[in-house]
Every structure is written in structure tokens, then in C-alpha cells.
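First to last, the sequence lines map onto chains U and S. The first sequence maps to residues 0 to 225 in numbering that gives the first Met the number 0. The second sequence maps to residues 0 to 316 in numbering that gives the first Met the number 0.
If you're looking for bench data, these hints aren't it; they were derived computationally from the structure. Incorrect hints may have been included.
[Claimed, not checked] One-sided and incomplete, this derived list gives chain S residues near chain U with beta-carbon spacing under 10 angstroms:
| hint | residue |
| --- | --- |
| 1 | D167 |
| 2 | Q174 |
| 3 | E204 |
| 4 | A282 |
| 5 | S308 |
Note that the coordinates shown come from a computational prediction; the quantities given were computed from them, not determined experimentally. Yeah, the Cβ is synthetic: ideal placement off N, Cα and C, and Gly gets one too.
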Amino acid sequence: MSSGTILIIDDEAQIRKLLTITLQSNGYTVLAAATGKEGVTLTASHPPDLVLLDLGLPDEDGHDVLKHLRDWFSNPIIIVSVQSSEADIVKALDNGANDYLIKPFRTGELLARVRSALRKSNSEANIPTANFAGLSIDFANRVVKKENVIIKLTVTEYALLTLLARNEGKVLTHHYLLNQVWGPTHQNESQYLRVFIAQLRKKIETDPNRPARILTESGVGYRFVQ
Amino acid sequence: MLLGTVSILAMFFDILPVLTSALLSALIWDFFFIPPRHTLSVGTPEDRLLLLMYFVVALINAVLTNKIRMMEKEVKEKDEKDKSVKFYNTLLNSLSHELRTPITAILGCTDNLQTNAPQLSEKDKSDLLTEISVASIRLNQQVENLLSVSRLEAGVFQIKHDWCDINDLIYKTVQRLDVNLQKYRLAVEIPDQLPLFWLDFGLMEQVIYNLIINVTQHTAVETLITIQADCVRDKLVLIVADNGNGFPEDEIHKVFQKFYRLKGSATGGTGLGLSIVKGFVEAHGGTIKLENLPVCGSKFTIEIFTDKSYVNRIKDE
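Please construct the entire structure, taking both the sequences and the accompanying hints into account.
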């Protein structure tokens, strides 16, 4: 049984082949397109559960393809990009991409990103509690426990933690976090975000210096992982 | 004095304005010094000869000075051209060796796996696959270094400043290097109330990464690596020190040069890592110095003067 259909939009035949083999052997059905135009057409005719979109396409700017898809397509889109383009990644995430992968990436990383993106879109249902190893969040009663002991969080810390945890596995940009937790007037005040992430790590991480829950994505944002 | 002015002009301007000034100076000389004074007319044939001689001297002076200037310019241009030719030659040499070695490993391993599969034991196969993986990682690192150098060389890269938590910066880098650091001892010293600094997180991450990698490449296992951060006299001070053998004194001033590799150092490096460190630190307006420590080991000290934020010292909400 297929775990879902994934559309690969990448102009490099080698990458399409590698991704196809990897994804198929993990139970996904794969569609592939070599150009932005073909990708958009294929998304319309055979709507996939997830799109892997390369930003460097020959016919169209990947960002335009992303915007075009986002006009009507709401399933997860993971962008694939070459190194040293943090600005590109942030732009794509702000334009509605769900996550990103930097070439060269490892297969494990690819599968983890795909799984968490698909899980997110599967679980739109409102869950009252979230349980991670050693950490639980009771959204209904606003209670957070670490190793079964209630930990005290400030209002901002709680808002930040729940936002990250509800998007487990997914990268959230600095911009997005500031906007959601502090509001649109604080979008450029990243110093608050730095300070509250550090405080939150001290409270929820086993070793705050080696965070295992809230990971830093250099120049992009933060990611909450299991 | 007039002749002096002509020579000075010749040093800075092209031949035409210089000739004009030679002519002008002859006329001025005529005007002030050749009787009848304060007119441009020339009285006696001797004075005419004198004026002509003056003009010829001014002209020769101008032409010679100009010629010398042109030659100097040519030599300078040739030097610069030589320098860039040398740079690209070194780059190509380094490329062909440092990129071909991992590519050879990858090709050799895949050939083996494709053609000798039946003769290979499971362990052989897994070893070959590990080799491919190691070679690819090495290849990727070299490409990244080369990209960084060419970005620095071209001077086109942009710094993306943001507030940085130095604690996060250092530990993030250390965590990325977990595998390399397994056999080393590590001490990180960061004061509790260090302010946030206005830096490019990604670039600084590469700076610390390259410094630590450099230590692991040049020191024995079990070496103690110390990373310190502090705010001293309004500057961010970052120190990466080790208790290894230190650098040879006659080579210590060369380590930040592009492609410079210590004599007798193991293969696997392009000699780019530390030049990238220097480039990125300087792009932040900072400085980096390297010194050997009195007893053993060496110490890299980075100093960057930049904005700070003490918002982390404010008590909660």
C-alpha cells in the first residue's frame, strides 16, 4: 500500500532517479517532472500528497513555481536548494513552502522531512495533548511536564513552545515565530526570540547547550524535533 | 621651480597636458625673466636662444618623467597580472589534486562494486560503500571551501547581520563536529550574562568550524581544545586554543595565506580553511591573530567590534 504520492520537480535526471528509487523503496508513489511548467501541469492533473520542488529550474524561477502552486495547492511543498542561499530558503518558507532540504542531503534527512510534512497535513485534527519522550504538553489545561514534573513557563515561553511543538519536525522562520508570538510590530526584534529560545531550552532540554528538542537552523529559524 | 612643477605634473598627468605645461612654463619664464619683462616679446637673439633652450629642457624633462611613470605603471600591472595568474595556477593545482583524489576513490569503489560484486564479501562491500561516503563528504567540504574563497575573492558576498546568541553559535558548531571531536577533550567557557552580538550567524559558524577542524587536523588525539567567548572593552572576543605542539615559529605568520600549508602536514587540506576564517572575520570588521602559547599549544584570538544587546539581562516579561 502506498504511503502517499510525491511529485518531484527537478531538472537533473540524476536527482530525479535517486529520489525516485529512495522514495519508492520507502513505499511512496512517485511522479516526476523536469521543468516548472510540467510540474504545475502534473500537480493539477494528478494532485500529489507532497511536492519536492527544486528552486533552480531551467524554465522558470522556482520561487514563481512555488507561488503559482500555492494559489490553489495546499498540500505540503518541500523545497530543495543548493548550499549558501539562506535568503532563498527564508523567502521560500515565507512564501508557503513547508520545509527545505539543502543539496547535498542524506537520505535519512529526506525521509524525515517527508514524513513530518505528511504527518502534519494528516493531523489537522485538534489534539488536546502532545507527548514526546520525557516531555508532555497538555494544551487544554496549559500544563507542561518534563519527566512527569510540572515546569513553570511564562506566557511567552508557553506560546513559543506550543507553536514549535504543534509544528514538530518542521522549520519555523525567525520572522514567522516573531510574528505569531510577539505580533507583527515585533517582526524585526529577533533579540527577544534569541533570549526566549535560550530560556526555554534551559527549562525543557536535558542539556540546554546540546539541545535535542529545539534545534537551531542557522540563519533560518528553529525546528522542534521528537 | 617652474621645471619642478613640470616634472610633478608629468608624474600625475598624461603626455598632452604635460607638453602644454612645458610650453606654458617657457612663456611664463619669458614673461617674467626675459627683458623686456612683463611682455611676451623677446628682445635679443641671445634671449631667444635662451628661451628655446629653456623650452627644450622643460620638454625633455616632461617627456622623461612621463616615460618613467608609464614604465612604472606597466610593471605594476604586470605584477598584478602575475599575481592573479599565480593565484589561479595554485587554485587549479589544488583543485586537480584535492578534488581528483576523492573522485578517484568514488569511481574506484563503484567500479569495484559493479564489476567484482560476486567476488566481494559483505564486509568488502560495506567498506567500499563507506569509502564512497567519506570521499563524498570530503569532496563536498572542498567545494564549499572553494566557493567561500571565490566569494571572498570576488568581494561580492553580503553579510546578513542578526542578533546572535554566542552560546548557541558555539555549541551548534561543536555539535556539528561531534564525530571529529570524539577523540579530543573540549572545554567551552562562556560567561552567563554575555550580551547578544550583531553578527552573521552562518559566517561565524564557519569561522569556528574551520578553526576547530584545523586543530583536529594538526594535533594528536586527546589534545585539549579550549573555546572561550567574552565581551572585553565592548568587543566580542573569541578564542580557540589547544595544548598541542603549536605552530613552527618561521611559518606562523603565513598560516592565513591562501593555499598555505604547513611543511610536512598530512594531505587532505587545500590550505584554504584559515584564509576563509580571516576573510570572514575581516568582513565583520574584526581582526584575528595567532600565537604560540608559552608552554605548549597555540591560540587564535578573534576580536570583533559590533553592536550588543543586553535584552537577555532583563528579568522575564
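Here is what the structure says about each hint:
| no. | hint | in the structure |
| --- | --- | --- |
| 1 | D167 | 5 angstroms, holds |
| 2 | Q174 | 6 angstroms, holds |
| 3 | E204 | 6 angstroms, holds |
| 4 | A282 | 14 angstroms, violated |
| 5 | S308 | 4 angstroms, holds |
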